[in-house]
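Going by UniProt numbering, the first residue of the sequence shown is number 1, and it counts up by one from there.
What the hints contain is simulated information worked out from the structure, not anything from laboratory work. Quick reminder that beta carbons are idealized off the backbone N, C-alpha and C, glycines included. Any given hint could turn out to be false.
Here are the simulated distance ranges between beta carbons [as the list claims (entries may be wrong)]:
no.	residue 1	residue 2	range
1	SER28	GLN54	31 to 39 angstroms
2	ASP201	ARG235	17 to 25 angstroms
3	GLN279	GLN7	14 to 22 angstroms
4	GLN7	GLY66	19 to 27 angstroms
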Amino acid sequence: MKMEIEQLEKVASQVRRDIVRMVHSCQSGHPGGSLGCTDLLVALYFERMMLNEQDGKPVFDMNGTGEDLFFLSNGHISPVWYSTLARRGYFPVEELATFRKLDSRLQGHPTTHEHLEGIRIASGSLGQGLSVALGAAMSKKLNKDKGIIYVLMGDGEQQEGQVWEAASFAPHHEVDNLIAFIDLNGQQIDGPTVKVMNNRDLGKKYEAFGWEVISIEEGNDMAAILKGLYEAKSRLGHGRPILVLLHTGMGFGVDFMMGSHKWHGVAPNDEQLAAALGQLEETLGDY
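Assemble the whole structure, with the sequences as input and the hints as a guide.
Now the structure itself:
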């Protein structure tokens, strides 16, 4: 699927509406990071990723042969992934109303035993997603499958040791069909990352491990994201994995949530929901 920037922005606005409504409905979940990463996921699923399709809708199977794959390592931002998958056609949009409810396939952290289309791993136990992505990327190379592997991690997640084991492994094995993103919003559950555990210069760290690093400074600008994604893809296939430093705003799109770690895992009340929805255009119809 290929869409113009204005169309992608309209999808992103609807996804943000979905996010705040989902989290409000169950009074649980993680709106801040979800809102910040909305533009990236919409750009990937609606414009950038090569997906197996039939009659314009994705055809899902666990193996993902012959298509690009996305893994969400920081699985607590599941609302943005669920909404993007539903709006892309993986499962009915109406199912978003079941988020975090009993017997729902849309658990707070993505899981596989509910057989939700689009989900290939259970995630949210931080630090594991890059390792999984590497396994998938190496599998595709062994099978001579041209699909690209994408994985999204949080910046607070970079404090996990397993991330750095994987970061060392990937260049050593020349895993050059992988694009990893770090959501650089500068916030984690207990406060700003610079105060909780300063990551310092992540770009230089990954470069020292052998990665090729690019930066998208405006990670909530659709045109900038598309440009960065094209650049990242153009650098694949030369023996090095690609890291994209994605500079986003926590809670982007809702003024009272922006830039604050307080909205990492807090649901809006009725008045806050109304205020948030007043800032987000309904473009595809609410579920």
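- request: Would you pick out the hints that fail for this structure and give their numbers low to high?
  value: Those not satisfied: there are none.
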